[in-house]
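Chains as they are written, first to last, in the working numbering: chain A, 97 to 855; chain B, 2 to 283.
Incorrect hints may have been included.
Computed footprint of chain A on chain B, listed as stretches where at least three residues anywhere in the stretch have a Cβ under 8 angstroms from a Cβ of chain A [unchecked claim]:
1) 85-96
2) 131-145
3) 175-189
4) 262-276
DEER-style ranges, computed between Cβ atoms [to be verified]:
5) B:Met33 <-> A:Gly127: 22 to 32 angstroms
6) B:Ile102 <-> A:Asp393: 53 to 63 angstroms
7) B:Ala233 <-> A:Ser525: 20 to 30 angstroms
8) A:Gly127 <-> B:Ser283: 47 to 57 angstroms
9) B:Glu264 <-> A:Thr233: 48 to 58 angstroms
10) A:Glu490 <-> B:Arg247: 36 to 46 angstroms
11) A:Thr233 <-> B:Ala263: 26 to 36 angstroms
12) A:Gly167 <-> B:Ala263: 40 to 50 angstroms
13) B:Ser283 <-> A:Val231: 52 to 62 angstroms
Hints are computed from structural coordinates only; laboratory data are not their basis. On a predicted model such as this, the values are computed, not experimentally measured, just so you know. Where a beta carbon is used, it is the ideal one built from N, C-alpha and C, also for glycine.
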Amino acid sequence: MSSTVAATGTRHGTLGTSASRPDGVAKVQGGFAFSSDMWADNMLWGATLRSPHPYARIISIDVSGAYAIDGVTTVITASDVPGKLTYGLIVQDQPVFAAIGDTVRYSGEPIAAVAADHPETCQRALAAIKVTYEVLTPVTNPEDCISGIAEQIHPDGNIFRHQRIISGDTSIVGAIQVEGTYEIGMQDQAFLGLESALAVPDSGGVGLEMYVATQWLHEDRKQIADCLNIPEENIRLVLGGVGGAFGAREDISLQVHTALLAMKSGRPVRISYGREESFYGHVHRHPAKIWMKHHADTNGKIVKIEARMVFDGGAYCSTSPAVLVNGITHTQGPYKCDNAIVDGWAIRTNNPPCGAMRGFGVVQACFAHESQMEKLAAAVGISPVDIRLLNAMETGDRMITGQIMDSVAPVAQCIRETDAIPMPPPMSSTADLRTIPGGTGLTAQPSNIKRGVGWGVSIKNLMYSEGFDDYSTARCRISDGVVSIKFATSEVGQGFTMLAQQIARTVLGVDDVFLDTIDTQVGSAGSTSASRQTWMSGGAVQAACRAALEQLFDHIATKNSMNRSELEIDRTDIVDRLTGQRVAVLAAIQGVDIDCTEEYHHPATEDMDENGQGNCHVAYAFVAHRAVVDVDPELGLVKVVQIATAQDVGRVLNPLSAMGQVEGGIAQGLGLAVMEEIIVKDGKVSNPSFTDYLLPTFLDAPVVEMVFIEEHEPKSPLGAKGIGEPPCISVTPAIANAIRQAIGKELPRVPIRPYDICL
Amino acid sequence: MPVLIPRSVDELVEVFQEHPAAKLLAGGTDYMVEVNLHGRKPEIMISLRQVKELSEWSMRASQSRITIGAGVPYADMEHGEIARLVPALAQAARTVGSPQIRAAGTLGGNLGTCSPAGDSLPVLAALDATIHVIGPEGTRDIEFADFMVGVKRNSLQPSEFVHSVSLPIIAGWQGYAKVGTRNAMVISTASACLVRDSDEGIVTIALGSVGPTIIRAHSAEAWLMKSASLRAGATLDPSVAEEFGRQVALESRPIDDHRSTAEYRRHAVGVLAQRLLTRSFS
Ligand SMILES: Cc1cc2nc3c(=O)[nH]c(=O)nc-3n(C[C@H](O)[C@H](O)[C@H](O)COP(=O)(O)OP(=O)(O)OC[C@H]3O[C@@H](n4cnc5c(N)ncnc54)[C@H](O)[C@@H]3O)c2cc1C
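Work the whole structure out from these sequences, hints included.
This is the structure:
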């Protein structure tokens, strides 16, 4: 099953063309229903009461005041949870609501929820709930948890996972050594479509239907069913219109609360977060501290890497153990390295919980190793390009986990092709001041500005790891001349619905492909994360379409006396290769009834042992970034002028979409490099709004010059690799390296703040 | 909640006097955030949009002053005649928010809110603007220096509103610069407006976001008058600009918060002062 779909020219709408998105026009024109637009007759509004304290014991909760308010129908607390009291993706340690006698462990932890006739009534009801706390001193420094001096803040302890990697000969010492301690701030996914869910209970009170913006319908359903103590079959989850995800919708946020309110009130309930609540309602990118020491020979060849990584997971586990493993297994970056000692920690603190975000642990590791590569180049006395080419990983290399790199690994090609992209013209002395650092603030003249160039190259694992079978399911039906595809794959804006149509058009030779509702009435598709859906759900859709095609061939061969084994699709016809006889697919599918459901499983992976050895990842993708950045050294303001990038994509399935992923990822990586940070002080977030959590604007966005390296990946069903995460990973250190080069400072932390540069 | 919609200044005076607790609403770009995000619940509101006179501006050549109505949106200051006559105001206006905000936000709203980060305010301070205010007792003129009295506090009396702002047309150079962590649509962490009246040989400079109010760096201004010729045709010794920046920084009174540090703000405002002064000579 490793052959790729035969290219059938460039019939518009098939694979390889910039087919348009089925939801595109509606989204642009404002007609698309996002989950926050949903409405049901007789609907109540729900809202959540959250702890203002990062760490406190709950002495009492008095909800009587809320019930006294007209229009309030339902109030729920921990004692109203009929099933499992906790949820979580890996370990179920996050309480649905913090209970009396127990502690709240982060600022923003849910304590109660209300349902009422109007959002305003909800707000009044929340204000009327009286909670008394014994405020405790929060544990906010992960190092205190490692050393053991911190109070244990959860019965499971303060350490989510400790994992080391020991590889090769650890006694080797390099002639050249460079080291550094790097810090990565807490980034938010900052999707635009805020969390929202609508739960509609059935009349019998045994189940419900839920519309929710999520990344993984089946996983949500499992966790909701456990907490509600009802069978999964009694819940139908339908994907509500999703406005971006980036990892923030992988965990449960409002799903269980909404479902509980609906079950208890017997009426439809919708909860929609506002922007501020969203900052408290979902997990963020792990802040991390990483020490790395590279040993190299005098030519610059890496002989050993030592590293220690500490990821602050915040109050609850979420995906911290998996994020940690991604971090430590990517210590070496896209470079050859035989010998390594890596010590990794994922820690529980009273800071906001952290989990999945685009890049998933690799962003942090990459910032460290790419900062190191720049130092190594300087220590050896060769260029940033040459040090990377010298060490570039290739297919067949053994990695520090013992796993053999068996993906296409065009690392050197990524670097060379990026290097070949022309540099932007130098800044003109008459440049529009809005286009130089400071932008519309008009703070600088061109003469105040220095320009720097920096590099970043990365490797990213694709799909889930460590033995997880994150399969995908798809169903293809041909009924009365209509081809329809069904899957539970979350369309979060990445364009999977468009891709599914492209695959079906290509395999089946039809133009019109109907997409069935995305819900749990078909098998799981796994999560829209880990750069996996094109590979996994794409693989499932292709398999289902192919299975349907086989049945169609059976049917048409019999009906039209064609040679069954010689049939193939040529554009929109079925052709008998032997006789040349043709039947239009559109004619062939009239009157047939075919229904095929297929699962796609990736090759199995395994757990790692105590020394971090094991084939834990499925496949890898690579990318190189070169950043040209203008810096105002006196004010510390920057403007990223150009990002040049060559990305290993296997195969471009939709050029416009591929470009969108690259440009968007670069903007997100730029955000982490110079502005995006959730600022947490003593466990409390001080900037939970877009006034102070700054995202790049159009004037901050660079020109992006991109090249796609299309060496088909034989392991991938479509020959394509996931392209969602790589663009945001090495662009961050590339920008940091450019700023360092411009001003000659170490700048070991991102986001780089103006005062880091100029003071 | 009632919303009153007066259609003339007289009507406005009348309804505001009748309802002193009413909240004035101009572009709503500050106040609606208060309502939607911070739970402010006004009992009664007065919309200013239909008071045409507030959205007008005029120039009296004899007095070489321009008068800008409180309801003129930033979008109208960015380009055209106002921008030509008061370029620093145009530059400040261009830094405010996004096009949508600039289409709605007004000078009156910036003065009503009176935040130390309000972008038009350093321009008004550096140009010694006069604020025309109308209230139950009639009209009064307040110098900008007396108008802003603290963080988000001004000297308006109950039922008084800003009618317009009058600014001198200066022969010479003027400019506004604003530091933020993003290249557009950002709250200032430090800003400065410098005006060089080359007829009079005077430089004024006002600082934003580095103190509880907009700060005029009077000592630095005085030092500069003594240390350099500021008239048309004069040249500037770079060391004078540097010392000027240092002195301006000393007059700032910044604080640490989640947006930046006091140290950076002080430093940045000094750099801005030095650069703006240098620009005024080039
Ligand atoms: C996304 C966004 C970005 C922003 N960016 C900036 C920025 O970069 N720089 C900046 O300075 N500001 C910024 N602001 C704040 C705001 O846009 C400005 O302060 C604007 O000048 C407010 O004007 P308005 O007409 O919208 O005021 P409103 O919100 O209508 O009113 C603000 C206050 O002034 C009072 N008021 C209004 N008119 C009068 C009057 N004639 N007399 C007396 N009181 C009056 C109101 O009662 C209210 O208290 C931003 C706001 C938003 C939402």
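Can you name, in rising order, the numbers of the hints this structure does not satisfy?
Of the numbered hints, 2, 9 and 10 do not hold.
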